[in-house]
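So you can see what is in the structure, the chains are spelled out below.
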Amino acid sequence: MATIDTHNPADHAQGDGHQPDLSLPPHERYHAAHHFRDSNHEFDAVKMGVWLFLSTEVLLFSGMFVAYAIFRMMYPEAFIHGSSLLNWKIGLTNTVVLLLSSYTVAAAVRAAQTGNQKWLQRHIVLTFILGTMFLLIKVIFEYYPKWQEGKLPGQFYSYPYWVSPAEPLWWGVYWGATGIHATHVIGGMGLFLWLLIRARKGHFGPKHYNAVEGVGLYWHIVDIVWIFLFPMLYLIH
Amino acid sequence: MATIGDIRKPGEPAHSHGHHASYLERKGGFWTTIVDWMTTVDHKKIGVMYLVAILFMFFLGGVAALAVRYELLQPTVMTTDASGVRQLTGQALSIFVPAESRSSVGPGNQVYNRVMTMHGVIMVFLVIVPSIPASLGNFLLPLMLGARDVAFPRLNLASWYVYLLGSIFAILAIIQGGVDTGWTFYTPYSTTTDEGHWNVVWMVTAAFILGFSSIFTGLNFVVTVHKLRAPGMGWFDMPLFVWGIYGAAIIQVLATPVIGITLLLLLFERLFHIGVFDPRLGGDPVLFQHFFWFYSHPVVYVMILPGMAVMSEMIALTARKQIFGYRAVAFSSLAIAGISFIVWGHHLFTSQGEVAAVIFSALTFLVAIPSAVKVFNWIATLYKGSIVIKAWSLYALAFLFLFSIGGLTGLFLGTLAVDLHLHDTYFVVAHFHYVMMGGTIIAFIGAIHFWWPKMFGKMYNEFGAQLGFWLVFIGFNLTFFPQFIMGAHGMPRRYANFTDDFLIYHQLSTYGSWLLGVGFLVHLLTFIHSLVAGAKALPNPWGALTLEWTNAASPPIEHNFDHEPVWTHGPYDFDTVIPPQTRPGEFTLPRPADNGVR
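Order-wise, the sequence lines are chains A and B. Quick note: the first sequence uses the numbering used here, first residue 1, plus one each step. Quick note: the second sequence uses the numbering used here, first residue 238, plus one each step.
Hints were generated in silico from the structure; no laboratory data involved. Note that the structure is a prediction, hence the values are computed from the model and not measured. For each residue, glycine too, the CB sits at the ideal point set by N, CA and C. Don't take every hint at face value.
Beyond 12 angstroms from chain A on every Cβ pair, some chain B residues (computed) [what the hints assert, rightly or not]:
hint, residue
1, G471
2, L508
3, I624
4, V655
5, N714
6, L740
Which bits of chain A does chain B cover? Going by a derived footprint, with three or more residues having C-beta under 8 angstroms, they are [claimed, not checked]:
hint, region
7, 59-70
8, 137-143
9, 209-223
Here chain A stands alone, though its shape is the one from the complex (with noise of 0.2 angstroms):
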């Protein structure tokens, strides 16, 4: 739907008679698709389209919240249990780490909106780099000794110092709750990837910058669904 004009100008020649003057950088070329009146109307477009996104990734959050809810009624024992076993301060930890890059990657989006491209490249790659470390704190502190202690869901459960027989389930909704959301942490890590690329290819500016607003939104909501989250597991008792 987007498109930057190729260094090759007979093919927008073609379509609306104008010459792109090459010597401007791409996203002071950009056209919107066809079918759009002018880039704002597009970037209007493109924005509800990704509100609309978002509200299905709530949606999708809410099932493992009214699971939590539901079963947590039934074995209240087993979930303060299970969640007595989660270290809060590596909870806490993430959390500020993914409230940092909620402020970086909103900071990349202002880059983009002032035209700073240095900027811009330095916020798409310290976002990067702060869901990286949400995810290895995840991993190191939290996944992989409990994979050891055998607090795992269902089935695979070993933990021998349960009080509640339920505790399996409460097992099943954590790693359930923070597998679907760590899934969308390493989503959300390949499309700064891909804005990466794109912002080193300059096609992002004051003018047209669709794809760092969009990216951003679905930053945030991963946050937010981790903001709620974090007192569910960690700090409910």
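Since the structure of chain A is provided, determine the placement of chain B on it from the hints.
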């Protein structure tokens, strides 16, 4: 009496042979054309590709339905061992799946369960949910709004490929021996049957993947309706087709993610036994039913709303009158979309508390209101109209008849006391076939006839089409009406064996299914004949007033319109506007008497 001929706005082409090529024009040799279609982001081509894929799946699901009905021709199950079926599927398909990974298909009852599930899964997930929105919606929505394409054309193409991927998974699951869970994948069936085999996993994965295709389409349509209307076209100037598709698209976006997480949890449950739906581990199988129906009830309206959308267009044109109560019909689409999210509990009357059942029963009756608003408005539109009889208008009238039966029998099932007797009987089967098939599929087939000249630029044989209609209509009623009676007499659904009391009803039903099959065959031949030897279609053969007929050629040019159309008259202003682009003298200004009811 004013007679108006070939009126065109200046600069608009009379035929597709202007300087702009039709979207169907071949770009080169065979392979070039194939590659062109496979990589196209043109909503018209994607719509046609969807149409072909969906009709193919409809054929597969239909064959399964005929097999189910054939089995029910006699009271006891026909084959006690299914070696015949096994050999057939095994030999034909052993290339893809090694024999040892195929689950063994046991005696006849199990074959029956698998074929029945195959019918259900294919018809629901691969045919009815995408049917009208993905094929006709894709083709028509931008044209009706005066846009050049949907908002996100590449996402649109992606949705088709995702649909294809989901279909492949579903077909592989069937090849491996099929699934016997029923299309609802209820736990614990879906977590325990065929242990050690992958067919259930593949089938659930297929449904999960198809959800993405549905979300992509819905998201695209919502944004397109919001952002890409022609200059001058306000919300209440849109054709009612767009309102119906819009309502369905909202449900697609907001309900499908829930089935996503449900099927994901089901996969985790089956593969890792995490315990969420397994009572042995503390889980709750009824939770699956809640999750499942929280999606699958709204999705019932994803199926029927597009059918209603098509109806509003066809009814107005059948009567050649301003549609009665435009705003009521438009808002009833949104009302149906809204209410659809709070009635899922009526699928679990027997597996939830009494208070919840009472509340869900009351809420269920609410849906009847906007549905009835639509039906009454259509009937009021027909009143004193100058009704044209064509194949598509026959389908529109049939929809009124069949959907009313389907809708009203839904009230029986929503009533707690009656439902106690009727639940899980053939009454339910008949009810939802009258709505899903008598509603959506009938509207779909009618709509294909209606927009066929626009899509392919060819007319079809009217006699063949009407013959097909009568076969389908009579066959349909013969198939499903006896099921109401035997359901009320207590014949449970999903059984391959029954007592002799039900024999006559089952036989009638099976004979009806043959008639239905012949009817669809006649339609297929009519369409093939039209593609090969059909007369060239005028831009506006039915004399309609929506933009796809008045401002686009038949078939439309690649960019839809020569110039961005400007909205000048309402979609149903038959009393003041003479349909342009049609045959000289065919449509006349309406007489004052025709304007009686507005």
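Hint-by-hint comparison with the structure:
The beta carbon of G471(B) sits about 17 angstroms from the closest Cβ of chain A, which is more than 12 angstroms, so the claim that it is off the interface holds. Its beta-carbon lying about 10 angstroms from the closest one in chain A, L508(B) breaks the requirement of being farther than 12 angstroms from that chain. No beta-carbon of chain A comes within 12 angstroms of the beta-carbon of I624(B); the shortest separation is about 37 angstroms. Look at V655(B): its CB is around 30 angstroms from the nearest CB on chain A, clear of 12 angstroms, so calling it non-interface holds up.
Against chain A, the non-interface label of N714(B) holds: every CB pair exceeds 12 angstroms, the least being about 39 angstroms. With a least beta-carbon separation of about 45 angstroms from chain A, L740(B) lies farther than 12 angstroms from that chain, consistent with its non-interface assignment. Coverage of the region 59-70 of chain A by chain B holds in this model, with 9 residues showing a Cβ closer than 8 angstroms to a Cβ of that chain against a need of three. Here's how the region 137-143 of chain A fares: 0 of its residues keep a CB closer than 8 angstroms to some CB of chain B, so the rule of at least three is not met and the hint is violated.
Closer than 8 angstroms: that is the beta-carbon criterion, and the region 209-223 of chain A has 0 residues meeting it against chain B, so the requirement of 3 is violated.
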